[in-house]
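Asks: Residues per chain are reported as follows:
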Amino acid sequence: MTGRIYKGLGVALVLYSLVYGLLTTVPDLPIIEESIRNLFYHVSMWFAMVGMMAGSFSNAVGYLRDENLNKDGRSESLAETGMLFAFLGLFTGMMWAKFTWGAWWTNDPKLNGSAITILIYLAYFVLRNGIEEPRKKARISAVYNIFAFVMMIVFIGILPRMTDSLHPGNGGNPGFNSYDLDNHLRMIFYPAVIGWVLVGTWIASLRYRIKNLSQ
Amino acid sequence: MFVVTLFQSVLKMAKIGLLIQRFAQQELRNSNAIFSLGLYLAGITYLVYMLGGQNASDSVWNMLLWVVVFFGAISQASRSFEFESGDYFYYYQTVAGPKATIIAKLIYNSLYQLILSVASWALFSWFYGNTVYNPGIFALGLALGCIGFSAILTLANGIAERSGGNVTLSSILSIPLTLPVLKIVSAINIQAMVGAPLEEVYELVGSLFALDIAIGLLAYLLFPYLWQD
Numbered sequence: 001m002t003g004r005i006y007k008g009l010g011v012a013l014v015l016y017s018l019v020y021g022l023l024t025t026v027p028d029l030p031i032i033e034e035s036i037r038n039l040f041y042h043v044s045m046w047f048a049m050v051g052m053m054a055g056s057f058s059n060a061v062g063y064l065r066d067e068n069l070n071k072d073g074r075s076e077s078l079a080e081t082g083m084l085f086a087f088l089g090l091f092t093g094m095m096w097a098k099f100t101w102g103a104w105w106t107n108d109p110k111l112n113g114s115a116i117t118i119l120i121y122l123a124y125f126v127l128r129n130g131i132e133e134p135r136k137k138a139r140i141s142a143v144y145n146i147f148a149f150v151m152m153i154v155f156i157g158i159l160p161r162m163t164d165s166l167h168p169g170n171g172g173n174p175g176f177n178s179y180d181l182d183n184h185l186r187m188i189f190y191p192a193v194i195g196w197v198l199v200g201t202w203i204a205s206l207r208y209r210i211k212n213l214s215q
Numbered sequence: 001m002f003v004v005t006l007f008q009s010v011l012k013m014a015k016i017g018l019l020i021q022r023f024a025q026q027e028l029r030n031s032n033a034i035f036s037l038g039l040y041l042a043g044i045t046y047l048v049y050m051l052g053g054q055n056a057s058d059s060v061w062n063m064l065l066w067v068v069v070f071f072g073a074i075s076q077a078s079r080s081f082e083f084e085s086g087d088y089f090y091y092y093q094t095v096a097g098p099k100a101t102i103i104a105k106l107i108y109n110s111l112y113q114l115i116l117s118v119a120s121w122a123l124f125s126w127f128y129g130n131t132v133y134n135p136g137i138f139a140l141g142l143a144l145g146c147i148g149f150s151a152i153l154t155l156a157n158g159i160a161e162r163s164g165g166n167v168t169l170s171s172i173l174s175i176p177l178t179l180p181v182l183k184i185v186s187a188i189n190i191q192a193m194v195g196a197p198l199e200e201v202y203e204l205v206g207s208l209f210a211l212d213i214a215i216g217l218l219a220y221l222l223f224p225y226l227w228q229d
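Protein chains in written order, with my numbering: chain A, 1 to 215; chain B, 1 to 229.
Bear in mind the hints are in silico, worked out from the structure with no lab data behind them. Nothing here was measured: the structure is a model prediction, and the numbers come from that model. In this text, a Cβ means the ideal position worked out from N, Cα and C, and glycines have one as well. Hints are not guaranteed to be accurate.
Derived BS3-like pairs (lysine-lysine); straight-line CA-CA distance at most 30 Å [unchecked claim]:
#1 B:99 x A:110
#2 A:136 x B:99
#3 B:183 x A:71
#4 A:137 x A:71
Derived list of chain A stretches under chain B, where covered just means 3 residues or more per stretch with a C-beta under 8 Å from a C-beta of chain B [claimed, not checked]:
#5 145-153
#6 201-213
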C-alpha cells in the first residue's frame with residue numbers, strides 16, 4: 001500500500017512539474033529568458049542523482065554493518081539509477097548551454113564536477129564486474145562506494161562554491177537564487193525534485209527485483 | 001586505568017614505527033624500484049624541457065610539475081601492497097592488524113611522495129629556473145597535497161589489490177578520486193608562485209587541510225573492512 005502511495009505521488013508530481021513548468025509564466029531575465037524553465041528539468045535531475053547516490057551510500061554503510069547481501073543489491077541498483085539521472089542531467093544541461101552560452105561544453109567547475117562524478121561511478125561498476133565472489137564483491141565495492149560518495153560531495157558541493165562559475169546564480173550571472181527569490185519557481189522546482197526522487201526509487205526497486213529474479 | 005591505555009597507545013605507536021621502518025628497509029633493499037622512479041622523474045622532466053618547457057609561463061610550469069608529481073605518485077603507490085599480498089597478508093594480519101598497517105602505510109607513503117615531489121621541484125628548478133615567489137607556501141602546498149594523494153592512492157590500491165591485483169583497475173579507481181585534491185593544491189601553488197595575498201592562500205590551505213583529515217579518517221575507518229578475508 002505504501003508502495004502505491006509513493007509511486008502515485010511520484011508520477012503525479014513529475015507530471016505536474018512537466019506540464020505546469022511549460023505553462024507557467026516566468027520572470028523575464030536577460031540572457032537566460034525563457035530557458036529559465038530548464039530549472040525544472042535539468043537541475044532536478046542532479047538533485048535526484050544526489051538522492052540516488054545517497055541511498056546507495058547508506059545501503060553500502062548498512063552492508064558493512066550487518067553483511068546483508070540484499071543491501072548490496074539495493075546499493076548497486078540505486079547507483080545505476082543515479083547514473084541514469086547523471087546522464088539525463090548532462091544531456092539537458094548541454095542542450096541548455098548550447099543555446100545560452102553558445103557551446104556544448106565549457107570549463108566550468110560544475111561541469112567538471114559532474115564529469116568526475118560520472119567517471120567515479122563508472123569505475124565503481126568496473127570494480128564490481130571484476131570480482132566474482134558475491135560477499136567479497138559486496139564488501140570491497142561498499143568500501144569504494146563510501147569513499148566515492150564523500151569525494152563526489154566535495155567535488156560537486158564544495159569546490160564550485162570556491163571558484164566562479166558560469167551557472168546562473170554564480171559570479172555575476174543573472175540567476176534564480178541571488179536576484180529574485182521567486183517563490184513561484186520554487187512551487188514547481190521542489191515538487192519536481194521530490195517527484196523525480198520518488199520515481200527514481202521506483203526504477204531502482206524494479207531493477208533490484210529483476211536482478212534478484214534473474215539470479 | 002589511564003596508565004594502561006597510555007601504555008597500550010605507546011605500544012601501538014612503537015608498532016607503527018617498526019612497520020614504517022620495515023617498509024623503508026624493503027624499499028631500500030629493492031634498489032631497482034627507487035632507481036626506476038628516479039629515472040622516470042629525470043627522464044620526464046628532460047622530455048618536457050626538450051619539448052619547449054623552458055619557455056613555460058607560471059601556470060604551465062605549475063601544471064607540468066603537477067603532471068609529473070601526479071604520475072610519479074601513482075606509480076609509487078601502485079606498488080603499495082606489493083609485499084603484503086599472498087602469504088605475507090596473513091603475516092601482517094596477525095603481527096600488526098589492519099589499523100596499525102594502514103596508519104604506517106599512510107605515513108610511509110606520504111613521506112615517500114613528499115620526497116618524490118621535492119625531487120621533481122628541484123629538477124624543475126634546475127632545468128627551468130625557480131620562479132616561485134613564496135617557497136614556504138609552495139612547500140606547504142606540496143606537503144598537504146602529498147598527504148591527500150597518499151591517503152587516496154593507498155586506499156584505491158588496497159581495493160585494487162584485494163579485488164585481484166589488476167594494475168589498470170588501480171588507476172581507474174584513483175585518478176578521478178584524486179582530482180579534488182589536485183585541483184586545490186595546484187590553485188595553492190599557482191598563488192604561491194605569483195605571490196597572492198596570504199589571506200586568500202590560507203583559505204585554500206585550510207580547506208585542503210580539512211579535506212586531508214577527512215580523507216585520512218575515511219581511509220583509516222574503511223581499511224579494516226578491506227583487509228579481512
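Asks: Decide, hint by hint, whether the structure agrees.
Replies: Tested hints:
For the hint pairing residue 99 of chain B with residue 110 of chain A, the CA-to-CA distance comes to about 36 Å; that exceeds 30 Å, so the pair is violated. About 20 Å separates the Cα atoms of residue 136 of chain A and residue 99 of chain B, which keeps this hinted pair within 30 Å; it holds. With a C-alpha separation of about 34 Å, the suggested pairing of residue 183 of chain B with residue 71 of chain A is violated against the 30 Å cut-off. A C-alpha spacing of about 13 Å is found between residue 137 of chain A and residue 71 of chain A, which places the hinted pair at or below 30 Å, so the restraint holds.
For the stretch 145-153 of chain A, the stated coverage by chain B is satisfied: 5 residues place a CB nearer than 8 Å to a CB of that chain, which reaches the threshold of 3. Only residues whose beta carbon comes within less than 8 Å of a beta carbon in chain B count, and the stretch 201-213 of chain A has 0; fewer than three means the coverage is violated.
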